[in-house]
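> Please build the complex by placing chain H on the supplied structure of chain Y, with the hints as guidance.
There are 2 protein chains.
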Amino acid sequence: MEGREPTLDEIFSPRGVAIVGVSPRDEWSFPTKVVHSLKEAGFTAIYPVNPKYTEVFGLRCYPSLRAIPGIVDHVVVGIPAESILALLDDCATKGVKSVNIFTAGFRESGYKERAELESAMLSKARAGGFRIIGPNCVGLFVPKTHLVNWTRLPLEPGPIGFLSQSGGNALDLPYHGVPRGLHFSKVVSYGNALDVDESELLQYFSQDPETEIIAAYIEGVKDGRRFLGALKEASFRKPVVIYKGGTTEAGRRAAYGHTASLTSSVAVFDALCRQLKTIQVDDIEEMIDVLVALRFARPLPQGTGVAILGVGGGPSVLASDEMEKGGLHLPPLSPEVQGELRQVLPLAGAILSNPVDATTLQSPEAISATLRVLGKVPDIHMFIYHLGFHPVSCWGDSLVPLETFIQPAVDAFTQAQQATGKPILLALRPPPDLDGMKLFFAAQKAFVGAGFPVFHSLQQVARAMARVVAWYQARHP
Amino acid sequence: MEGREPTLDEIFSPRGVAIVGVSPRDEWSFPTKVVHSLKEAGFTAIYPVNPKYTEVFGLRCYPSLRAIPGIVDHVVVGIPAESILALLDDCATKGVKSVNIFTAGFRESGYKERAELESAMLSKARAGGFRIIGPNCVGLFVPKTHLVNWTRLPLEPGPIGFLSQSGGNALDLPYHGVPRGLHFSKVVSYGNALDVDESELLQYFSQDPETEIIAAYIEGVKDGRRFLGALKEASFRKPVVIYKGGTTEAGRRAAYGHTASLTSSVAVFDALCRQLKTIQVDDIEEMIDVLVALRFARPLPQGTGVAILGVGGGPSVLASDEMEKGGLHLPPLSPEVQGELRQVLPLAGAILSNPVDATTLQSPEAISATLRVLGKVPDIHMFIYHLGFHPVSCWGDSLVPLETFIQPAVDAFTQAQQATGKPILLALRPPPDLDGMKLFFAAQKAFVGAGFPVFHSLQQVARAMARVVAWYQARHP
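Residue numbers (our numbering), protein chains in the order written: chain Y, 1 to 477; chain H, 1 to 477.
Rather than coming from a laboratory, the hints here were simulated on the basis of the structure. A portion of the hints provided could be inaccurate.
[Said to hold, decoys possible] Computed footprint of chain H on chain Y; a stretch qualifies when at least three of its residues, placed anywhere within it, have a C-beta under 8 Å from a C-beta of chain H:
no.	segment
1	324-333
2	425-439
[Said to hold, decoys possible] Simulated crosslink set (DSS-like; lysine-lysine; CA at most 25 Å straight-line):
no.	chain 1	residue 1	chain 2	residue 2
3	H	K438	Y	K445
4	H	K144	H	K238
5	Y	K222	Y	K112
6	Y	K438	H	K445
7	Y	K438	H	K438
8	H	K277	H	K325
9	H	K222	H	K124
10	H	K52	H	K94
11	Y	K325	H	K325
12	H	K39	H	K94
13	Y	K52	Y	K39
14	Y	K222	Y	K277
Heads up, the beta-carbon is just placed ideally off N, CA and C, and yes, glycines get one too.
Chain Y on its own, in the form it takes in the complex (with noise of 0.2 Å):
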């Protein structure tokens, strides 16, 4: 009808917003959510739609989309299969730029009807010039405009932009990211990708200005021959860092079930992802721990070399069996640089030949001292500390002090890094009780605030990491 198709653009940033299923007896509903979400964003056209209701949580509510006076841009929606294509002749009478479909219950449920209603629907937002995102999905969080889907989450937008097929990724990545330091450009939730796919999303986010990382989690592939040159052009431009779901046969059927993708053969993906210099990840968590390396390594290191220092011998020990076993590399310490570490380590209890680990490494004046003798290693691209957060409950009290310990250790890591031009790696472990956890949150967010890498355990940094550097490496050969 328009013409022209609205760009992500226009629909990353629209005037009003409808709600049709809103429901003020249901708090759990979708619809509901997305109301109480975009009202504490502070956006201001909202436009909750039920024909039961004439005002919802202090809103005006409307019988129907068209007896909205204002511009509705944005719809979402979370209403029956079956009610969806009525809605959407009104979406085209509206002169609506997108429709967010939460609803599901379309083609992965295995029910032909249910397939063709969706080709229906894709017919019906062709003819009324409007997108459709979704269904099955959780939609949209772009803080920069408000429209934010789901809320707890600080308005800040930040450089990462994440494209996910599953709604819970969607939520996971950003709640369990944010902590860590990750912010985000644009995040969307595209299920079954009836209109909107991965390969349009990673076409967007690989020209989007506001965009320096993309992240995806992909079931599956609409058109490969169009994500191939997506993929490409988004992995020549930016960092890619991609998780796939569906890679056994188990996987691949509930990867059908859940979003109706049908997924490639992992072999392919898998030599896809190492010619283009994309980084794959195998779960949401590495997701999170490798956009915080590429985020906040300053700089990113420039080799396998790495230098461990903490506190635990146990953990030392298998950090460098991880590090080994993910490429990276502990080069020993000559006996001269160890001989300099005695001066500023004690004897009795310490590993100096790297993983260099001593209780006195709890102290400020410890770290910088021993990163200045570590700093002039050669063959050292980086250093990762770490410190376990089970003492605290050990015996009687914390063995770290950590009122007097996180700001001189900010000040101790961020004079080394500035020192050296090497980055220094955080692994925090976090304890298992919520006292131990006050402080554990407490001295995470004073690392990130700092802007340091802080990851949860050196396992993962060791995984992390070693995907990273292969990642570099690859691309400045």
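Same frame as chain Y, now just chain H:
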């Protein structure tokens, strides 16, 4: 001198304990912490030793071991290495049974004279008729006799015996295990294994009536032939879960610097574990998971068939992949079974093909109904239920009203487990914020309290159950 060496059982139940090197001016020192810990545990005959004080922490303090009027069976030592030989003479005079040497900086320091000092210490112990635990270790945690070197853990004994070459791991396993329901007969941190070593401890635990499951963290093996015999007998009698540190070159270097361990070839050790039907794990986290499965899966699953049910398509897809990678199997559900599920679960947003995923699987009624249907499928040997705690902070309030969810869910699972005779395993995914953690810990406590095995991610359940089922099938071919 005494003619007969004290047994480990005698060592684990001393009548009096002396702590040498206590200082009221250093709250962080190990001897000080041991005094606090024994006091808190209600151990009665505690004798701090330090010639500078006559009273510490409300206890009479003695100038020397010899000055103590009462019986001293066990001595905890945290004084400099140089002073230890003289102290061991006092131990012989006083007729003690065991000396736990926390002090480090011996053989593992790489200095020849420190290795010789170790040998001299061993000669003194042999001549004096007492045993040495350590050096370079945190010693004993025996809740039954209140001989506990670290505190803030319940004094409830349990069926797990843990020998750990690393002090950090000796703390990590109970601190992270207790909230998961794991309790211990004895935890022994044995450090450099100068006297009491891995083979003796394995032999002890395999005979100990209070130990049903043996866990071991080992960096190096002192005597291959003895160890082989001990591991063979232990693995024949009881489930043995072993985590071997130092499997790469860097790890081996760290292990030597940590506990002076010369680690053996990975391939040999792997083959040994397979042959002896020992369960090998890759880190302490996995050790906890496997112990939780062995302890609480009721009964142990009789095969590799898994049904996954829960909320979240993304995690379901991932879990399917993880299960299959680990050697478990997700049988597809027949159209008849899927038809039955359709009557108890909504069509929209649900995956009914195994994994079974539906938002209503947050209601105990839906859980019960689903388990009733799945309970009849013969090739399913265990059920894994998963629930993410991230939604707590997602959409303005909790998706799961935990107050009303936990107890009904416990009841639903208990009933289903009894009715089906197949184990139910729970994956509760922790949230990234303190408010969420409160709910998470409350839920974990309730499920653990009801005797369920609780894990923290679907990957963890998959990894642990793959190990446990492989072990079970090897034992019951």
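> A separate judgement is required for each hint: does it hold in the structure or not?
Hints, verified against the model:
| no. | hint | result |
| --- | --- | --- |
| 1 | 324-333 | holds (count 5) |
| 2 | 425-439 | holds (count 6) |
| 3 | H:K438 - Y:K445 | 18 Å, holds |
| 4 | H:K144 - H:K238 | 21 Å, holds |
| 5 | Y:K222 - Y:K112 | 18 Å, holds |
| 6 | Y:K438 - H:K445 | 18 Å, holds |
| 7 | Y:K438 - H:K438 | 11 Å, holds |
| 8 | H:K277 - H:K325 | 21 Å, holds |
| 9 | H:K222 - H:K124 | 20 Å, holds |
| 10 | H:K52 - H:K94 | 21 Å, holds |
| 11 | Y:K325 - H:K325 | 19 Å, holds |
| 12 | H:K39 - H:K94 | 23 Å, holds |
| 13 | Y:K52 - Y:K39 | 21 Å, holds |
| 14 | Y:K222 - Y:K277 | 21 Å, holds |
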